[in-house]
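Undergrad: Residue numbers (my numbering), protein chains in the order written: chain Z, 2 to 371; chain F, 2 to 371; chain A, 2 to 371; chain X, 2 to 371.
Hints may contain errors.
Pairs count within a copy or across copies, as identical chains cannot be separated in the list.
Unchecked claim - List of simulated lysine-lysine pairs, DSS-like, C-alpha gap at most 30 angstroms:
1) Lys225 to Lys206
2) Lys206 to Lys361
3) Lys125 to Lys114
4) Lys4 to Lys334
5) Lys4 to Lys35
6) Lys365 to Lys114
7) Lys4 to Lys54
8) Lys361 to Lys114
9) Lys269 to Lys226
10) Lys225 to Lys269
11) Lys206 to Lys365
12) Lys54 to Lys125
13) Lys269 to Lys213
14) Lys33 to Lys4
15) Lys269 to Lys219
16) Lys60 to Lys35
17) Lys122 to Lys35
18) Lys60 to Lys334
19) Lys206 to Lys226
20) Lys60 to Lys33
21) Lys226 to Lys365
22) Lys361 to Lys219
23) Lys35 to Lys54
Because the hints were derived from the structure by calculation, they are not lab data.
Read off the chains here:
There are 4 protein chains.
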Amino acid sequence: MEKIGVGLIGTGYMGKCHALAWNAVQGVFGGKLKPELVMLATANEELAAARAKDFGFAKSTGNWRDMLADPDVHIISITTPNEFHPEMAIAALQAGKHVYCEKPMAPSFAEAKNMLEAARKSGKQTFLGYNYIQNPMMRRIRTLLDAGEIGDVLQVRLEMDEDFMANPADEWSIRSGAASGFGALDDFGVHTMSLLMALNLRMAKVLCQMSKPYETRKDANGNKKPVETYDMATVLIELANGGNGTIQLNRSAWGRKGRIALQVFGSKGSIVYDQERMNELNVYKAEGDPAAQGYTTILAGPAHPPYDRFIPAPGHSLGFNDLKVIEVSEILKSLQGEEASLIDFEEGIVIEGLVQSMAKSHEKACWITV
Amino acid sequence: MEKIGVGLIGTGYMGKCHALAWNAVQGVFGGKLKPELVMLATANEELAAARAKDFGFAKSTGNWRDMLADPDVHIISITTPNEFHPEMAIAALQAGKHVYCEKPMAPSFAEAKNMLEAARKSGKQTFLGYNYIQNPMMRRIRTLLDAGEIGDVLQVRLEMDEDFMANPADEWSIRSGAASGFGALDDFGVHTMSLLMALNLRMAKVLCQMSKPYETRKDANGNKKPVETYDMATVLIELANGGNGTIQLNRSAWGRKGRIALQVFGSKGSIVYDQERMNELNVYKAEGDPAAQGYTTILAGPAHPPYDRFIPAPGHSLGFNDLKVIEVSEILKSLQGEEASLIDFEEGIVIEGLVQSMAKSHEKACWITV
Amino acid sequence: MEKIGVGLIGTGYMGKCHALAWNAVQGVFGGKLKPELVMLATANEELAAARAKDFGFAKSTGNWRDMLADPDVHIISITTPNEFHPEMAIAALQAGKHVYCEKPMAPSFAEAKNMLEAARKSGKQTFLGYNYIQNPMMRRIRTLLDAGEIGDVLQVRLEMDEDFMANPADEWSIRSGAASGFGALDDFGVHTMSLLMALNLRMAKVLCQMSKPYETRKDANGNKKPVETYDMATVLIELANGGNGTIQLNRSAWGRKGRIALQVFGSKGSIVYDQERMNELNVYKAEGDPAAQGYTTILAGPAHPPYDRFIPAPGHSLGFNDLKVIEVSEILKSLQGEEASLIDFEEGIVIEGLVQSMAKSHEKACWITV
Amino acid sequence: MEKIGVGLIGTGYMGKCHALAWNAVQGVFGGKLKPELVMLATANEELAAARAKDFGFAKSTGNWRDMLADPDVHIISITTPNEFHPEMAIAALQAGKHVYCEKPMAPSFAEAKNMLEAARKSGKQTFLGYNYIQNPMMRRIRTLLDAGEIGDVLQVRLEMDEDFMANPADEWSIRSGAASGFGALDDFGVHTMSLLMALNLRMAKVLCQMSKPYETRKDANGNKKPVETYDMATVLIELANGGNGTIQLNRSAWGRKGRIALQVFGSKGSIVYDQERMNELNVYKAEGDPAAQGYTTILAGPAHPPYDRFIPAPGHSLGFNDLKVIEVSEILKSLQGEEASLIDFEEGIVIEGLVQSMAKSHEKACWITV
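Throw the hints in and build the complete structure from the sequences for me.
TA: Set out below in structure tokens:
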């Protein structure tokens, strides 16, 4: 069993998620390449030390640059706020480390391109944390599409909705500042683009409208401060195959907690999925007796790999964190030269480019060819 | 008990639906004004006679103009294909009859305007068959919105999907010809506009994209014939109140049979509805203990009038045809000078105007102010 | 077109439902035998007159016996409280009328047997208002079972739950008195037995437990009064085919409004249905690729007759009242000598016998062979 | 940070699940007591060595007794087939180890009692793998019940259904032999009893009926062999509080994959849950405007601890394996003397006693007081 040394920067939402996944992957998947948790970094040195113990990292540091020089670290997980991605990723690549960076790549397109350039120069592998594509049900959809089970794809609809920005009484935060990006579009909307990519549904043209549900929010002193980002974005799309569709993004959608609703209409059937019920897939096939036709709700099970690596019994439910474990297992496959389902910086820049095109189409209020 | 004489033109899908509703309304609602089924018209005289017996009409005719001169006929139901609406409606109005016409008003905007002009001149009442607005659950939504239960409306999403045009092997029919109109947009999309109107959600700007899933269909001889209408239409909308949204229309959506999915996101909550489960309403309110928050699925019942006129027990389900009975009861209220929830030609022309604006925005590929 | 004269006793929940159905059936189904609404009876003469006008009956009376002598009345609908069924049904049969009586037959088994005896002597036809068996989805289930689509039936589970007796603060009413019967078992539980009968699933043995959620209720004066009926009944069953199952009845089930949940497990698949979503049927077939297996949710449509007589488009939803129209259309078929799906007094007495056996098994706390 | 040495016997379904949980718990929960994975045992020495590397155990053995003498092992996870539980658990306790044993305790009641006796003598702690009680939604239900949110519990219905024994063509296996126990009742039905216990709903009387859907199965040679276990069990229950209910168990239920459907009806509301959608909870409260009443579907989130330890965002879904991590975190709490939600041998024997009473009531076909 070979080992690969892991460095992790960040201990928040995604930091913990990465740590758990790196820790779990060998137990779940076995495999020849075993991750070794070498170093954990976060600005607060004490916190780094405490979390390193919890997460099982051998060393910790308050200075993430410490891991650049550490020969035991072969890959660096970057889970800090987006604005830090470029500096960290480029430094890591220049230090000869593989990079596993949370999405999106960077707040600006220029920085994302710098990251890609660094990746190309380094010869190292890069991976982006588009974990929703790892759901076995999403792979099942890809299998169905590739096999033509619903015929030609005529229309696709994607909705991604959460409500963490829905409360108008919540204070102005970094997410309302232009420095954080456009808003829903890049903050979480990139996930929907990764899904289309994973399903091999490429966009040809886009027309986007972004909106601010609340024009101002109160700052800590109770003064009104203008909101600079768009909590809602809606995109008309034309697909490269002649089909069409929509992407609707809303992080102010009261009641929606983790919704990524997908509808794919084809010439022979259709597919419906919702991330809030991530272990279910609904498939309609226009064949046979009309009296027997309807959507079939398939529960995730061992017939949908790699569900079987987690649980041998069907219908017992994977969870959100399990998707990260699958993502990490794909990374290990990639590092061993095997084919893997992942989005690297080359693919990631395509997503970032889509974001730019969408934002531009919003500004110009017209269709943009991507 | 006063009587109102009813003439009905057409015996197809909507013809039967009107007949059943005119026949049932007095039993369900009681009320002072009792409809009397006077005359049924359809081109085939024998069919007219047979259906008149089944539906309970006293007389029948193969020539609809016969009812214009009949003093016993006070209101005429027009349920023929759209292309006949203008001639019939105008003639009826000129003959001093009230007109109850199926939606949409006419294949062309000019004709619709003629119909409106005739209505204005006549002094008679007009009604359009936008039956989905009559669902007690839809009225409940209006009540919730008016009471501010979900706060300001920030975003509305409407999807109307059926699959009667989904099979590429189906022959070219009148619905694929330009004479029938634009396609999904006016054929059934107007229903979604009536719902927004009924909910008092007015549009300010629209941007529409229409699409043909199948460029050609075989005619009766097996030869390819170009499809001239758009089975799909997707519309970005800006609301007059500053909110935004989408309308998505697809009559080639395999698996969808009678879907009209509505999502309304507000500053204090949200509402979700689907016509395929027309007796259910989902309401989320952002208040109280977060551990207890979620969508509440309300089953239609006597607390949602006029459900109570049909069934005293809750959760026992109204059906599609019952909506038409409610529509007719509203017509009777209007004819007696009471306030009623209906869309007349004045409101109908607004919908037709929206259709025109959407079609124009599709052509110009840009936003149109409505 | 032949005519059949209808007399209706009662103008409440079921009285109105019968009236609407008798009025609608010819319009919906056409057919040779046309019902003529001859006379409406209810104790209050003025109410009878008013409702007769609303419902379209030619005559009205405060004395139901008036219709016995009326030669224009050929069939009598009995929709009064259960305690009046025996006297009315027997008198009607003796007067040479067909009888259409709401379920259950009678408060006591002896009376039900008298009714059956009267029916046998009369040579007239009898029909019981078990309308849930008329749902096209229920017929679809029967078709699937008969065709062996889910193999041998191994287990059936039926739950019927409403909450009209759920509030402990509600006053003692007739439903809490022993004179009304056992409680949930006969009050509405008989519906579940009619469904099993309609699906040809015959019971061989039963073991029933009845329960009182509230031992007392306050009377109009605020004094505690003992509750004599059982709002809950749970029955273990053995089927004649060797299978087994349960029937669970609860009229104090907060949140349930019209639930009749059916699960049928077979050797090759299973079927799941819920009356609260009466236009949906869920079917699982254990065949083909495990990765594609799941419950298929079928929406009621024209492929499920007689849905097509109401609406030509699928997924548009029948309602509860439509089931009564189907029931009446079956009665008309039966009266014309055609095969019909109905429960007459012969079959009804089987259901009443099951109720007796269940009540007895409750008393003896052991299995009873039926 | 103190350490606790873990020994694990078994590498199958539950073996892997325990290993993953022991490995993950510190990362997810932090906490002072850190598990150290000391030794893994399974009969096949090579397999033990390979899995030990995957799962992160320091040592491995083909002889589980090796861990009894190992002073670094403080607690032993037993995940072997039920028949091995007694010998292993008793030996472990006698060797001074804490015991964490998968459910049920033992194939026979006598053996289970021996296990309990050994536990009492040892002074060591014992834990049983009733992981379903660890779902945050289940804890939420307990909170609601304890707070009286749905009033007095009047009726509870539990269904546990899977289809791993549903195929009549599957060969006779150990699960069809009497040595494995009664069948559905103890094989997986004990889970439902653990849930009632966790919800503090104690049974007073039971009446059980067990059934064999298939009387024989073919052995490896194609010869018919009698099935000795019951794949179905249905139990009527009376609760200690005067309420009543049912437990329905079926491991031959085609289409059901991991269903544990719970319905609790109270005097003020009701609760509905299904393990196949383990991140959802449905609560009905009979209060306020009837027009607004319905089941509220709550998505699991940080407001339902310890969901927050896994994911900070609501509606993102825990999975089945996460429940085991929670279980292990409770074990660590217990070992540190804190209050924990677990079922030990003392509580476990109550469940085993219930199984005995149910089996006896099946045999005698009558109610048994428990």
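Undergrad: Next, verify each hint and record whether it holds.
TA: Against the structure, the hints:
Proximity of lysine 225 and lysine 206 under a CA criterion of 30 angstroms is satisfied inter-copy only: 29 angstroms between copies versus 38 angstroms inside one chain copy. Taking the shortest Cα distances, lysine 206 and lysine 361 sit within 30 angstroms of each other both inside one copy (12 angstroms) and across copies (19 angstroms). Taking the closest pair of Cα atoms, lysine 125 and lysine 114 come within 30 angstroms of each other only inside a single copy of the chain (16 angstroms); across copies the shortest separation is 60 angstroms, beyond that limit. Only within a single protomer do lysine 4 and lysine 334 lie at most 30 angstroms apart by alpha-carbon distance; the minimum there is 13 angstroms, versus 33 angstroms between protomers.
Taking identical chains as interchangeable, the C-alpha atoms of lysine 4 and lysine 35 lie at most 30 angstroms apart whether they share a chain (5 angstroms) or sit on different chains (24 angstroms). Proximity of lysine 365 and lysine 114 under a CA criterion of 30 angstroms is satisfied intra-copy only: 23 angstroms inside one chain copy versus 34 angstroms between copies. In this assembly of identical chains, lysine 4 and lysine 54 lie within 30 angstroms of each other by CA distance both inside one copy and across copies; the values are 20 angstroms within and 12 angstroms between. Taking the shortest alpha-carbon separations for lysine 361 and lysine 114, only the intra-copy value of 18 angstroms comes in at or below 30 angstroms, while the best inter-copy value is 39 angstroms.
Taking the closest pair of Cα atoms, lysine 269 and lysine 226 come within 30 angstroms of each other only across two copies (21 angstroms); inside a single copy the shortest separation is 51 angstroms, beyond that limit. Within a single copy, lysine 225 and lysine 269 get their C-alpha atoms only as close as 53 angstroms, which misses the 30 angstroms cut-off; across copies the closest is 20 angstroms, which meets it. Both within a single protomer and between protomers do lysine 206 and lysine 365 lie at most 30 angstroms apart by alpha-carbon distance, with minima of 14 angstroms and 15 angstroms respectively. Both within a single protomer and between protomers do lysine 54 and lysine 125 lie at most 30 angstroms apart by alpha-carbon distance, with minima of 29 angstroms and 28 angstroms respectively.
In this homomeric assembly, lysine 269 and lysine 213 come within 30 angstroms of each other (Cα to Cα) only across copies, at 16 angstroms, whereas the closest approach inside a single copy is 39 angstroms. In this homomeric assembly, lysine 33 and lysine 4 come within 30 angstroms of each other (Cα to Cα) both inside a single copy, at 8 angstroms, and across copies, at 28 angstroms. In the homo-oligomer, the alpha carbons of lysine 269 and lysine 219 lie at most 30 angstroms apart only across protomers (17 angstroms), although the nearest pairing inside one protomer, at 51 angstroms, exceeds that limit. For the homomeric pair lysine 60 and lysine 35, the shortest alpha-carbon distances inside one copy (18 angstroms) and between copies (17 angstroms) are both at most 30 angstroms.
Taking identical chains as interchangeable, the C-alpha atoms of lysine 122 and lysine 35 lie at most 30 angstroms apart only when both belong to the same chain, with a minimum of 27 angstroms there against 42 angstroms between chains. In this homomeric assembly, lysine 60 and lysine 334 come within 30 angstroms of each other (Cα to Cα) both inside a single copy, at 26 angstroms, and across copies, at 27 angstroms. Proximity of lysine 206 to lysine 226 under the C-alpha cut-off of 30 angstroms is restricted to the inter-copy arrangement: shortest distance 28 angstroms between copies versus 35 angstroms within a copy. For the identical chains of this complex, lysine 60 and lysine 33 are neighbours both inside a copy (24 angstroms) and across copies (18 angstroms), given an alpha-carbon limit of 30 angstroms.
Proximity of lysine 226 and lysine 365 under a CA criterion of 30 angstroms is satisfied intra-copy only: 26 angstroms inside one chain copy versus 37 angstroms between copies. Taking the shortest alpha-carbon separations for lysine 361 and lysine 219, only the intra-copy value of 29 angstroms comes in at or below 30 angstroms, while the best inter-copy value is 41 angstroms. In the homo-oligomer, the alpha carbons of lysine 35 and lysine 54 lie at most 30 angstroms apart both inside one protomer (19 angstroms) and across protomers (9 angstroms), since each shortest distance falls under that limit.
Checked against the numbered hints above, the structure violates none of them.
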